[in-house]
Amino acid sequence: MRTRLVWILLFLGPALAALLIFLVIPIFASFVLSVTDFDVYALADWSRARFVGLSNFQELLSDPLFWRSLLNTLYCLIVAMPLTVAISLGVAMLINREKTRFKGLFRVIYFLPFVTNTVAIAVVWSWILNMHYGLLNWFLGLFGISGPNWLGDPTFAMSSIIMLVVWKAIGYNMILFISGLQNIPDFLYEAAELDGASGWQKFVHITIPMLRPTMLFVTTMMLIGYLQLFEEPYMLTDGGPLNSTLSVVLYLYRQGFRFFELGYASALAVALFLIIITITLIRMRLSKQVS
Amino acid sequence: MMKNKLVILSVFVSLIIASAAGATTLRIWAMGEEAKSLHIIAEKFTEENPGVTIDVQAIPWSGAYDKLLTGIAAGQLPDIAQMGTTWMAPFAAMGAFQELSDFIANSDIVDPQNFFEGSWQTAITEEGTVGIPWYVDVRVMYYRTDLLSEVGYDHPPQTWEDLYDAGKKLTARGPQQSGISLLFTGTFANEFMPFAWQNGARIIDDEGNVAVKTPEFVEAIEYYSRFFWDEIALKAGGELIHDFGSGAVPIFFSGPWMISMIRNQVPQIDGKWDVALLPGKKSQTSFVGGSNWVLFKQSRNKETAWDFIEFMSRPDIQLQWYNIVASLPAVVETWGYPELAEDQMLSVFGEQLLDARATPNIPQWGQIEQAISRRVEEALFQRKTPEQAAEDLHNDIVKILGKRR
Amino acid sequence: MVTKKSVIRETSVYAVLIFGAVVMVVPFFWMVSTSFKLPREIFVFPPKWIPSEPTLKNYIELFRSLDFARPFINTVVVAGSITVLSVLFSSMAGFAFAKFRFKGRDALFMLVLATIMVPGQMTIIPVFLMLRHLGLINTYAGLIIPAMVSAFNVFFMRQFIITIPDDLLEAAKMDGAREGFLYFKIILPLCRPALSTIAIFTFTGSWNSFLWPLIIAQDERMYTLPVAISVLAGQYGENIAIQMAGSCIVIAPILIFFIFAQRYFIKGIALTGMKF
Numbered sequence: 001m002r003t004r005l006v007w008i009l010l011f012l013g014p015a016l017a018a019l020l021i022f023l024v025i026p027i028f029a030s031f032v033l034s035v036t037d038f039d040v041y042a043l044a045d046w047s048r049a050r051f052v053g054l055s056n057f058q059e060l061l062s063d064p065l066f067w068r069s070l071l072n073t074l075y076c077l078i079v080a081m082p083l084t085v086a087i088s089l090g091v092a093m094l095i096n097r098e099k100t101r102f103k104g105l106f107r108v109i110y111f112l113p114f115v116t117n118t119v120a121i122a123v124v125w126s127w128i129l130n131m132h133y134g135l136l137n138w139f140l141g142l143f144g145i146s147g148p149n150w151l152g153d154p155t156f157a158m159s160s161i162i163m164l165v166v167w168k169a170i171g172y173n174m175i176l177f178i179s180g181l182q183n184i185p186d187f188l189y190e191a192a193e194l195d196g197a198s199g200w201q202k203f204v205h206i207t208i209p210m211l212r213p214t215m216l217f218v219t220t221m222m223l224i225g226y227l228q229l230f231e232e233p234y235m236l237t238d239g240g241p242l243n244s245t246l247s248v249v250l251y252l253y254r255q256g257f258r259f260f261e262l263g264y265a266s267a268l269a270v271a272l273f274l275i276i277i278t279i280t281l282i283r284m285r286l287s288k289q290v291s
Numbered sequence: 001m002m003k004n005k006l007v008i009l010s011v012f013v014s015l016i017i018a019s020a021a022g023a024t025t026l027r028i029w030a031m032g033e034e035a036k037s038l039h040i041i042a043e044k045f046t047e048e049n050p051g052v053t054i055d056v057q058a059i060p061w062s063g064a065y066d067k068l069l070t071g072i073a074a075g076q077l078p079d080i081a082q083m084g085t086t087w088m089a090p091f092a093a094m095g096a097f098q099e100l101s102d103f104i105a106n107s108d109i110v111d112p113q114n115f116f117e118g119s120w121q122t123a124i125t126e127e128g129t130v131g132i133p134w135y136v137d138v139r140v141m142y143y144r145t146d147l148l149s150e151v152g153y154d155h156p157p158q159t160w161e162d163l164y165d166a167g168k169k170l171t172a173r174g175p176q177q178s179g180i181s182l183l184f185t186g187t188f189a190n191e192f193m194p195f196a197w198q199n200g201a202r203i204i205d206d207e208g209n210v211a212v213k214t215p216e217f218v219e220a221i222e223y224y225s226r227f228f229w230d231e232i233a234l235k236a237g238g239e240l241i242h243d244f245g246s247g248a249v250p251i252f253f254s255g256p257w258m259i260s261m262i263r264n265q266v267p268q269i270d271g272k273w274d275v276a277l278l279p280g281k282k283s284q285t286s287f288v289g290g291s292n293w294v295l296f297k298q299s300r301n302k303e304t305a306w307d308f309i310e311f312m313s314r315p316d317i318q319l320q321w322y323n324i325v326a327s328l329p330a331v332v333e334t335w336g337y338p339e340l341a342e343d344q345m346l347s348v349f350g351e352q353l354l355d356a357r358a359t360p361n362i363p364q365w366g367q368i369e370q371a372i373s374r375r376v377e378e379a380l381f382q383r384k385t386p387e388q389a390a391e392d393l394h395n396d397i398v399k400i401l402g403k404r405r
Numbered sequence: 001m002v003t004k005k006s007v008i009r010e011t012s013v014y015a016v017l018i019f020g021a022v023v024m025v026v027p028f029f030w031m032v033s034t035s036f037k038l039p040r041e042i043f044v045f046p047p048k049w050i051p052s053e054p055t056l057k058n059y060i061e062l063f064r065s066l067d068f069a070r071p072f073i074n075t076v077v078v079a080g081s082i083t084v085l086s087v088l089f090s091s092m093a094g095f096a097f098a099k100f101r102f103k104g105r106d107a108l109f110m111l112v113l114a115t116i117m118v119p120g121q122m123t124i125i126p127v128f129l130m131l132r133h134l135g136l137i138n139t140y141a142g143l144i145i146p147a148m149v150s151a152f153n154v155f156f157m158r159q160f161i162i163t164i165p166d167d168l169l170e171a172a173k174m175d176g177a178r179e180g181f182l183y184f185k186i187i188l189p190l191c192r193p194a195l196s197t198i199a200i201f202t203f204t205g206s207w208n209s210f211l212w213p214l215i216i217a218q219d220e221r222m223y224t225l226p227v228a229i230s231v232l233a234g235q236y237g238e239n240i241a242i243q244m245a246g247s248c249i250v251i252a253p254i255l256i257f258f259i260f261a262q263r264y265f266i267k268g269i270a271l272t273g274m275k276f
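Keeping their order, the protein sequence lines are chains A, B and C. If you count the first sequence from 1, position 243 lands on 243 in our numbering, and the numbers rise without skipping. If you count the second sequence from 1, position 26 lands on 26 in our numbering, and the numbers rise without skipping. If you count the third sequence from 1, position 169 lands on 169 in our numbering, and the numbers rise without skipping.
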């Protein structure tokens, strides 16, 4: 029996209308804006925006700051993703061990950073990373290491950002890994033990393959999330020094909402969108090939 | 008879105005420290003008540019606002400000002659006179007298050679001791440009050409960078006032607001520091900025808003304002009051004001400022030679100006 | 059977776990501790873990002269409204997608699914222009409306409701119940775990949301907490201890909320991972 139209409209209407207005239409609008020179003058009077074809994209391709921001973002992704996976999987396995006590407590503690406001905790981190008065360099000093100028040195600034990013992401991924681990049936391990498999062999031949769905989810979410890096560099370095921490979204924000080059910023948004889609599809294709 | 009627009429009119004014709320945007204290002076205005209420909204400097831009774009503006002098041109070009010539012509209080010449210039853009100076801000050198005399300077360094030499000796005091604090990242064109001016360099020459490839400009980049190359200035964000107090940073350049901050936050160094004119080469030019009042075109209370601007331009009010936040009066007459004339530190600011420039009043200054910072940053991090940096900056600026329409 | 080897192993396991836990907790501890310090104890070396004269001065300054109460209230209003609306609309839509029968339902649902993949930055500029045109910049509506429906929440609710047996609904329908009745009397009560999951995540997400409020809330009076703290940190010469106090105000409510509702958080995340 079909549902009456009135109910369909009533139940689906609000959600679909909102998605249409705030998601679907804006996506198309982004494409439209990206081929205009919409800027601060057009903001005062929309008719001053002109169609400029693909010239925003041409400019983008020859814009060293765009490439810089893209490389920075990819660098963050390439370093932070394996780090996050390794640490959160490691922690998950340690907590998930039968013998480990205080499981609940550890889980909560590792999870704390994830629910924390990035902007506010970045303020704390920038104080911890302070070259002279920061906790981190004091700690390194205990071991006779004179800590670097974390936020002021272009070779370390991105590492500082990655530190914060990973610190925040561990808890969330750890929870996902724990629930993935719990879904692996015990008999697989028991059988392997009977065959005399070592801990490492069990990890490689049972844990990793059995975690594949979790891994796919975790890495896909991470790809999408890390490619949108914004709050950490915005708060810690504002993209500096030497633009070494300028991320694509930070550059988009700067062009769009500091200089109000909204046409150009839309081109950046479209480019980012295409990059995210491409990388995600590659990721999914890869995982299909493996399985 | 006629006269009586006129009197009655004028009483009547003023009653109408008063009752209309009874509903008048003057909305003001103000920034930073000024915003926190503006209500004190605003109360005096409302005492003189009963029926007007003033609604001051504080905007932190960090977010002010964005906010004004979007405010203008979104048509969400107050009646008047404090406007940083370097921001006059871009916002004027968007047509947000009321041109004030007619108001000025009819005013007994506001007269261009009453203000510092350089300061008045900051209010003039291609759109005409769109602002009235409120206060000026000029950078001078803050230095620790005790630490400088330890390295052999019983007088402040007053030449480029002296400054570099003093900085070098101060740095040699030991680990974590630096010679000077200079900005190295973010937007720091206001900090850098005085060095260029001191060497006779300009961004745009008298013919309107970009002039940053000149040897003078290149030399300024090199001089500024050398403090970083030789680790006299640190590429690290610290806590400036605390570091000045501890002696880790014995020299820095800043505006008048720093005096009270140092006195309040590090009282232990009272008597061990002073201010002096910037060290110079061909000149000792500093950066003059400050804030102007602007009246927005869309304001519905223009007359009341203008009354407020006139009120703020009165020498007695300028003095009171100086007494509250210690920002330097833009009205020349105010400097004759003993509070200013007899203050030794302040007289340095007065003297520096005679040799101070503002950055060019062009709408694209924001983008140019970013380009200057980016290129000088590349030089001081030794990614580019000063010549290459100047070359790239030249191309940047040509491109930015080319976009104009 | 305790061997030497296993003792070493157990010890190192706990050493690693505890070291990690300390790294997780230290920033919070340092933030809280510094927020109660007087200026002279901030720059002390070696660091002072516990202030010798704890002071409330920083918090008083924060609320008195920096007026942090206002962004606090704004954040509660905005995050609360988004949560209520989002839970309501996405459970309704989830119900429709799971149990209603009509032509094009699955195609429509696929469309909704596709939008999950779209990064937020893609929509920010057009939505900003749209809201500006409608005069919603700097309003609660501007902060709330664009965030009130999330495609993910719709998807999540649909996946949950689809597991509710049809028989239950059919039986009620036999008795003449309409869809509205089914929704309130059957679906909502059965969906409580899913509802609390999306409520918790939506609330946390909107409390922490930054880029959108940064663009929309230009008026100090409309600032949310993250925007307020970012502005405070950018302010020249602002005291470190006050910044830490501000961070505490932003972080503490969610942290306390999390500690009480941690089971839902953790279960919820495991659940979202499973549903894919």
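Possibly wrong hints are sitting among the right ones.
Stated by the list, open to error - Derived pair list, reagent style DSS-like, types lysine-lysine, alpha-carbon separation capped at 27 Å:
id	chain 1	residue 1	chain 2	residue 2
1	A	K99	C	K267
2	B	K213	B	K399
3	C	K57	B	K36
4	A	K103	C	K5
5	B	K272	B	K302
6	C	K57	C	K185
7	A	K202	A	K103
8	C	K173	A	K202
9	B	K403	B	K213
10	C	K173	A	K99
11	A	K103	C	K103
12	C	K267	A	K103
13	C	K103	C	K48
Derived by calculation from the structure, the hints in this document are not laboratory data. Source: prediction; values computed, not measured.
Q | Given hint K103 (chain A) paired with K267 (chain C) - CA-CA distance at most 27 Å | A | holds, 15 Å
**Q.** Straight-line alpha-carbon gap K99 (chain A) to K267 (chain C), limit 27 Å
**A.** Given pair K99 (chain A), K267 (chain C) holds - Cα atoms ~22 Å apart, limit 27 Å.
(Q) K103 (chain A) and K103 (chain C) were given as a pair; does the straight-line alpha-carbon distance stay at or below 27 Å? (A) violated, 49 Å
Q: With a cut-off of 27 Å on the C-alpha distance, tell me whether K272 (chain B) and K302 (chain B) pass.
A: With a Cα-Cα distance of about 49 Å, the restraint between K272 (chain B) and K302 (chain B) is violated, given a limit of 27 Å.
Q: Mind checking the alpha carbons of K403 (chain B) and K213 (chain B) for me, to see if they're no more than 27 Å apart?
A: This hinted pair holds, its Cα atoms lying about 21 Å apart.
Q) Are the Cα atoms of K202 (chain A) and K103 (chain A) separated by 27 Å or less? A) holds, 22 Å
Q.
Hinted pair, alpha-carbon criterion (27 Å max): K103 (chain C), K48 (chain C). Please report holds or violated.
A. Cα-Cα ~67 Å, so violated.
Q) Quick one, are K173 (chain C) and K202 (chain A) close enough, alpha carbons at most 27 Å? A) violated, 52 Å
Q.
Need the status of pair K57 (chain C), K185 (chain C): alpha-carbon distance at most 27 Å?
A. violated, 52 Å
Q. Does K103 (chain A) pair with K5 (chain C) here, judged by a C-alpha cut-off of 27 Å?
A. holds, 22 Å
Q.
Against the 27 Å threshold, does the CA-CA distance of K173 (chain C) and K99 (chain A) hold or violate the hint?
A. violated, 51 Å
Q) Do the alpha carbons of K57 (chain C) and K36 (chain B) lie within 27 Å of each other, as the hint requires? A) holds, 19 Å
Of the hints listed earlier, those the structure fails to meet are numbers 5, 6, 8, 10, 11, 13, in rising order.
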